[in-house]
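Protein chains in written order, with our numbering: chain D, 1 to 517; chain E, 518 to 600.
Calculated directly from the structure, the hints in this document are not laboratory data.
No residue lacks a Cβ here, since even glycine has one placed at the ideal position from N, Cα and C.
Mixed in with the good hints, there may be bad ones.
[Claimed, not checked] Some chain D residues near chain E, calculated using beta-carbon distances under 10 Å:
hint: 1; residue: N241
hint: 2; residue: R242
hint: 3; residue: Y245
hint: 4; residue: P246
hint: 5; residue: A247
hint: 6; residue: I270
hint: 7; residue: A273
hint: 8; residue: L495
hint: 9; residue: G504
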Amino acid sequence: MVPYLPVHRLLEVSADRVPDAVVLEHGATRLRYAELEADADRLANRLRELGVERGDRVALYLDNGREYVVGFFGILKAGACCVALNSANKTRTTALLLADSGAVGLVTRASQVRHDLPELVAGAPDLRFVVCDRAAPQWQLPPQVAVVTAGDVAASPDARPAVPVGPDDLCAILYTSGSTGKPRGATLSHRNLAANTRQILAYLELTGEDSVLSVLPFHYSFGNSLLLTHVAVGGRVVVDNRFAYPATVVDNLERSRVTGFSGVPSTYAILVARTNFLDRPWPDLRYLTQAGGAMTPALQRQLRETLPARIRLFVMYGQTEASARLSWVPPERLPEKYGSIGVGIPGVSLTVRRADGSECATGEVGEVVAQGDNIMQGYWNDPAETALVLFPDGLHTGDLGRRDEDGYIWLVDRIKNMIKTGANRVSAKEVEETIAEVAGVQEVCVVGVPDELLGEAIEAYVVLRPGSALAANSVQQHCRENLALYKVPRAVHFLAALPKNSSGKVLRQELIALDRR
Amino acid sequence: MDLRAKIKDYIVENFLFGDTAPLASDGMSLLDNGIIDSTGVMELVAFLEGDFGLSIADEDLVPENLDSVDNLVAFITRKQAAA
Numbered sequence: 001m002v003p004y005l006p007v008h009r010l011l012e013v014s015a016d017r018v019p020d021a022v023v024l025e026h027g028a029t030r031l032r033y034a035e036l037e038a039d040a041d042r043l044a045n046r047l048r049e050l051g052v053e054r055g056d057r058v059a060l061y062l063d064n065g066r067e068y069v070v071g072f073f074g075i076l077k078a079g080a081c082c083v084a085l086n087s088a089n090k091t092r093t094t095a096l097l098l099a100d101s102g103a104v105g106l107v108t109r110a111s112q113v114r115h116d117l118p119e120l121v122a123g124a125p126d127l128r129f130v131v132c133d134r135a136a137p138q139w140q141l142p143p144q145v146a147v148v149t150a151g152d153v154a155a156s157p158d159a160r161p162a163v164p165v166g167p168d169d170l171c172a173i174l175y176t177s178g179s180t181g182k183p184r185g186a187t188l189s190h191r192n193l194a195a196n197t198r199q200i201l202a203y204l205e206l207t208g209e210d211s212v213l214s215v216l217p218f219h220y221s222f223g224n225s226l227l228l229t230h231v232a233v234g235g236r237v238v239v240d241n242r243f244a245y246p247a248t249v250v251d252n253l254e255r256s257r258v259t260g261f262s263g264v265p266s267t268y269a270i271l272v273a274r275t276n277f278l279d280r281p282w283p284d285l286r287y288l289t290q291a292g293g294a295m296t297p298a299l300q301r302q303l304r305e306t307l308p309a310r311i312r313l314f315v316m317y318g319q320t321e322a323s324a325r326l327s328w329v330p331p332e333r334l335p336e337k338y339g340s341i342g343v344g345i346p347g348v349s350l351t352v353r354r355a356d357g358s359e360c361a362t363g364e365v366g367e368v369v370a371q372g373d374n375i376m377q378g379y380w381n382d383p384a385e386t387a388l389v390l391f392p393d394g395l396h397t398g399d400l401g402r403r404d405e406d407g408y409i410w411l412v413d414r415i416k417n418m419i420k421t422g423a424n425r426v427s428a429k430e431v432e433e434t435i436a437e438v439a440g441v442q443e444v445c446v447v448g449v450p451d452e453l454l455g456e457a458i459e460a461y462v463v464l465r466p467g468s469a470l471a472a473n474s475v476q477q478h479c480r481e482n483l484a485l486y487k488v489p490r491a492v493h494f495l496a497a498l499p500k501n502s503s504g505k506v507l508r509q510e511l512i513a514l515d516r517r
Numbered sequence: 518m519d520l521r522a523k524i525k526d527y528i529v530e531n532f533l534f535g536d537t538a539p540l541a542s543d544g545m546s547l548l549d550n551g552i553i554d555s556t557g558v559m560e561l562v563a564f565l566e567g568d569f570g571l572s573i574a575d576e577d578l579v580p581e582n583l584d585s586v587d588n589l590v591a592f593i594t595r596k597q598a599a600a
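Just chain D, same shape as in the assembly:
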């Protein structure tokens, strides 16, 4: 097995090498490596004083910013595992995950938890302390829960704590939505995250000169990978939490002179539809990365053909269960592979397998299975769910795909996104890509809705580009011309926006529920 540094050692090495370089930019904040290192050491020492031991879980519940990165690395330096909670979750979900993770502490800020802290704490029996920028007088907490303020942490020593951490110690728990039911916590070891960081660096070829603007939350595996890869090379991360106002982000992208930008498909769809992103010269931009779902081939082509050729577009694929990344399309091959998820990244073996575990022939559809040091240990406290995805041959992704003669993988669908209509299995993705070809369509999601006769009937939800007008029947007509008749949606609905989770993933179940109302 390859030796890996514990994840917080990535920061320590960069802090020793480039102490004065800026690691994080957020609004007027400029945080240097030496400052981040000292702040994280202070927090880690304070956590040790609070009784945190190797293997304990400490939850982090914050938006992207200085406090998040200090919290993340401070928790790891104390030998604990960081439970990175989605800051967009409502109190009920956060309380559930705090309890589920068995976290002994919570790192947050008053503006994040507001008056709900007592409710969060009440549901988490293992919780012993809360680290918060300030204590609000109205919080009535049980006596066993201490509130530690920023002032307390600042008074702690900044000596680098020497807590032994092994490669298979837990580094982070990232909860993933799955498509139904309660979130599952993917448990990622130091080996997992350090391996994936090294694997990503191998193909992105990042150096200390690189920088990225992150609109993706760090508690999301894609956002986390941006943070770790840049910290590993001594690079700079610019945080912008206001993608709701895309024009503001585009201005920031230009002003901050970053060399990279990363987004999920809807990030790029919105940039193209509602900003002048495609028209600016971008003298500093070296690359774009896209993951977190399938971008339509039409949008891939538009980005590739409109932006200057020197800006490399990396189309990638991954899962939280794989730390982040599993595959990439080398940018030079993209024009012949629009729509493919590409090949396994260095250090990841990606195969397409039949239900009996044997490998599929070229062109044959099977499940995509991944092996590598980046694959999670399992779902936290959930052996039953773990057994559904982790097998001796690797992580079963739940995605169906086929391999072409060049070894590139093309996803056909997620296993559960197959629509069964009459006797036919229909890939929602195939219908979506067909509808995306219609002029005026910005985004589309196709679902199977319960139907007495067919089992499921196909319906499409379409978001139009601003200023476009389109009738449902012209969308259906395009489908009828290009697809087998049983694949043509029975109904086409127009929405102002598709319902998405905070990571930008379309919530198909909500669309199906819409139809039932």
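Based on these hints, arrange chain E on the given structure of chain D.
What follows is chain E alone, placed relative to chain D:
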């Protein structure tokens, strides 16, 4: 219904599902206070384009125009005067 009331009504009905309490003041940030998210901003824009017949340019999509009731009232008034 006057402009301000119409906007507040829309926000309460569409993003707060009838609960007026979270919209404590007309000057508060809709985004920072968790009243809308990025999907909500796109819905809000569609509402302004639809119900007010405004044509909203890409560069109009900034918090100074959209991120509070006060900003929205000023923005719509300005747009309508220019139309």
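Structure versus earlier hints - violations, ascending order: none
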